[in-house]
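S.K.: Given next are the chains, with one letter for each unit.
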Amino acid sequence: MNHAAYRTNSRKLLILALFVLLTAAAYLFAEAHWGNERLFRYAMRLRIPKLAAMLITAFAIGGASIVFQSIIQNTIVTPCLLGMNSLYMLIHTAVVFAVGSSSLFAVNANAAFAVDLILMGVTATVVYSYFFRKTRHNVLYVLLIGTVLSSLFSSIQTAMVRVMDPNEYDALLSALTASFSNINSEIMGLSVVVMAVVVLVLRRELKLLDVMTLGKNQAINLGVDYDRCIRRLLLGVTLFIAVATAMVGPISFLGLVIANLSRQLLKTFRHGQLIAGSVLFGMMILVGGQLLVERVYSYTVPVSVFIMVGGGIYFLYLLLSRKGA
Amino acid sequence: MKHKVKGGAVIKERKMTIVLAVCLVILSVLSLFVGVMDLTVKELVAGNMEQMEILLLSRLPRLLAVLCTGVGMSVAGLIMQQLCRNKFVSPTTGATISSAQLGILLALLFLPGSNLMGRAVFAFAAAILGTWLFVWFIQRIPFRDVVMVPLVGIMFSNVIGGVTSYLAYKYEMTQALSSWLAGHFSLILKGRYEMVYLVVPLVILAFLFANHFNIVGMGKDFSENLGISYSLVLFMGLTIAAMITASVVVVVGSVPYIGLIVPNVVAMFKGDRIRGTLADTALFGAVFVLSCDLLGRVVIAPYELPIDLVAGILGSVLFIGLLLYRLKHGERAICWKARIAGGKEEGVQ
Amino acid sequence: MLVRELTKKYDGKTVVDSVSFQIPKRSVISLIGPNGAGKSTVMGMISRLIARDSGLVAFEGSDIRKWKSRDLSKRLAILTQSNHTQVKLTVRELVAFGRFPYSGGRLTPEDEQMIDRAIAYMELEPFQDRFIDELSGGQRQRAYIAMVIAQDTEYVLLDEPTNNLDIYHSSNMMKIVRRLCDELGKTVILVLHEINYAAFYSDYICAFSEGRVAKFGTVKEVMTRETLSAIYGVDFEIMEISGKPLSIYY
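Line by line, the protein sequences give chains A, C and H.
Numbering-wise, our numbering puts 196 at position 196 of the first sequence, and it's gapless, one number per residue.
Numbering-wise, our numbering puts 77 at position 77 of the second sequence, and it's gapless, one number per residue.
Numbering-wise, our numbering puts 94 at position 94 of the third sequence, and it's gapless, one number per residue.
Just so you know, these hints were derived from the structure itself, not from any lab.
Any given hint might turn out to be false.
Calculated pairs, BS3-like style, for lysine-lysine (alpha carbon to alpha carbon, straight line, at most 30 angstroms) [to be verified]:
hint, chain 1, residue 1, chain 2, residue 2
1, A, Lys134, A, Lys207
2, H, Lys220, H, Lys244
3, A, Lys207, H, Lys66
4, H, Lys68, A, Lys216
5, C, Lys270, A, Lys216
6, A, Lys216, A, Lys134
7, H, Lys220, C, Lys328
8, H, Lys13, A, Lys216
9, C, Lys328, H, Lys13
10, C, Lys270, H, Lys9
11, H, Lys9, A, Lys134
12, H, Lys66, C, Lys328
13, C, Lys328, A, Lys134
14, H, Lys13, C, Lys270
For reference, chain A alone in the conformation it holds in the complex (with noise of 0.2 angstroms):
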């Protein structure tokens, strides 16, 4: 079926994998000082934890987001939406808050790591899975719920903020902010590990991503259990972001961006083929931009700014450029 479609868009995905070999090579070679051996061997043990940290991350958002816009049945909805980022900034701001930015929470990046990972995994799971079952599997209105919740959360955030102490925000803002630096491979290991047991578990509803473009009924004709299956890949989906966001801070906005590029250049319902174009575009993006926040900007500007206004011009040219939603 169809297979011509199908070849062309392996060649793309294929010419895609060679560009972030490119850029991944500028990255880990650009000024790394060849002629000494130990400033070249250096600036590698500074940069390819960095670069690993990097396609760690695109990997979870580009497949979270493609997944996602799947199960809401629209393109210009991110996970953002789950309100991962804003539970990720109470906690730290409310640990911050409440034993001080010497805590071994604050200190030790495993720790912070841990706790991030299990706080938003659980609260996520219960969260949501509550709510699943309250509007019976109204997708939408379990995110609208989301949503609110989001909001609540960065109003007690702010209250916190309010009244902190300026050289304890000064600490906390950095770990509010997402960066690359300092992850160690123990962290990046359990992402790892994380990210393939949710894979692994929701093996079999990946399968049915295709069938569920269809729409609910022609999913349920079909033999799907569609509510189930929208229910687990959503907490996957959560699961996900989770782990990029307790990685490397706030940053899933990325996920509209990719998402879309890899939808319109491939314009396939296949979800294999979506999911990699959307990885590579984002390792691709992360690896370009954090090359450039470096050599460029010699380190002025967060990555997640150029994201952030990216994407947020990328978002306004899809609402002009789309007939529906």
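Dock chains C and H against the given chain A, drawing on the hints supplied.
M.R.: What follows is chains C and H alone, placed relative to chain A:
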């Protein structure tokens, strides 16, 4: 139909309005006497100057600001919902509040010496532009589901908020901005809040044009047929809503959910015509914000919780409750206009 | 298939009120009735798209709720009114989805054959690589029917298949329905607004009124002046053309 209603029935029809008005008066008086310093009627009557000063310089301004906020935000929400034909649109879920915040930040950055007036001008301009832009977008796109509109609105606000936080980050104003933008009444003193009175003429304007908003809410063809310029009324209504919101944001900060919840709660009791519900919406908004304010002042006295937090907590709980209630007792109430306009996706008889 | 005392309420209002009937195999059964009579809701409940409040839908002797959704999708197919999808799908890809219950997405040569046959049956070969959203309403409807054929089920449920089609495409659609039953031996249940299509093309008619079954029987039994007038509240004349009762109303 109204002229047929007899005297007793008028009172019955207005029962809710009367109850709300009485509540408001009681709460207002109560609010004047709650605070760190104890005020008593006896001392005031006796002419205790110190107590009089507190009353006039602090308590009364605060009460007036609270009332303006409640009335203003809920009326702004009602207008926006009516004009956009969507029960989920409001200054929070539209882009109005976030645009006004961006405006304030721009004023702080580019006119560092500016007074309240300067900030207000920036906030007005930004809020109006942001709201227009948002409504222009959502009118261009046929939405298949009503809930998509607020979701897009929230993403839209996220984008604007992103720009704001980038600028704040760059100029190291994040914390200052947080305290500027989160709503609180604790800094309301005579001489620093009068801007919020702008709400009063704007709300009166809204009352005068209530019927126009109603008609425009029925759709473009409907209003043109009745000889009302759709675009003109739409833009005017949005401008009024945006200006109300901006004047509240400048003085008080953002107070979430009022514009979203209050009109919805009133509509549950009274139906959806804007003319009949405007007064009740305004009164209920005032009662709601005043209750939140009182609660915030009492819970951890002598400190106080910011209104942003109290309204945020109460509002989200109420809103989720409202959502679930409507989901259970029929979506019709919430989707009424969208059904007429677009029809539901799955046409179940 | 057996339906017993099926009931559904929306907002406290009873939309379907203890509806019972039995569906004879290898025949075309039309559900008719005025707006809001509950026919689409009944259709939704017997196809598991809508959850019932009480009553029973038994399929092949056991409750439809006890069936595995995947197994049921090999025996029963439902096509609802509005079928729009945002994704870019070609006709062939859409029809291929009909094989999903069997292959789970990985098509075998047999599946490909079934798809070819379904496309040929609906005379869609010239369009098979066109995108769904580029087709006309009638062609798109045929593409969805082809998917249902590829699904190869014994029962086919169609919710207002002639909706939004002009006279030419509507009567073509009804001829297809007849062929599904006569040539492929399927049981077709459909919701129709146009009474005369129901009279001309079906074997049985189930007439609904205010959430209840007003009359279930063969076409001749249901198509009487008294029954139709009572259901629709309009005067009817019944005529006979080429051996089939046709109604006139104004």
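S.K.: Give a verdict on every hint.
M.R.: Right, here's what the structure says about each hint:
For the suggested pair Lys134/A and Lys207/A, the alpha carbons sit about 27 angstroms apart, so the restraint of at most 30 angstroms is met. A distance of roughly 8 angstroms separates the Cα atoms of Lys220/H and Lys244/H; the hinted pair therefore holds under the 30 angstroms criterion. At most 30 angstroms may separate the alpha-carbon atoms for a hinted pair to count; Lys207/A and Lys66/H meet this at roughly 24 angstroms. Of the pairs offered as hints, the one joining Lys68/H and Lys216/A holds, with about 17 angstroms between alpha carbons and a cut-off of 30 angstroms not exceeded.
Between Lys270/C and Lys216/A the alpha-carbon distance is near 35 angstroms, which puts this suggested pair outside the 30 angstroms criterion. For the hint linking Lys216/A to Lys134/A, the alpha-carbon distance of about 19 angstroms falls within 30 angstroms, and the restraint holds. Pair hint Lys220/H plus Lys328/C does not hold up; C-alpha atoms about 43 angstroms apart against a cutoff of 30 angstroms. Pair hint Lys13/H plus Lys216/A holds up; C-alpha atoms about 25 angstroms apart against a cutoff of 30 angstroms.
With a C-alpha separation of about 13 angstroms, the suggested pair Lys328/C and Lys13/H falls inside the 30 angstroms cut-off, and the hint holds. Taking the CA atoms of Lys270/C and Lys9/H, the gap is about 25 angstroms. The hint holds against a cut of 30 angstroms. Annotation: proposed proximity of Lys9/H to Lys134/A holds, straight-line Cα distance about 18 angstroms (limit 30 angstroms). Distance restraint check for Lys66/H and Lys328/C: the Cα-Cα separation of roughly 26 angstroms lies within the 30 angstroms cut-off, and the hinted pair is therefore satisfied.
The hinted pair formed by Lys328/C and Lys134/A meets the criterion: a straight-line CA distance of about 9 angstroms does not exceed 30 angstroms. With a C-alpha separation of about 21 angstroms, the suggested pair Lys13/H and Lys270/C falls inside the 30 angstroms cut-off, and the hint holds.
In the structure shown, a violation is registered for the earlier hints numbered 5 and 7, in ascending order.
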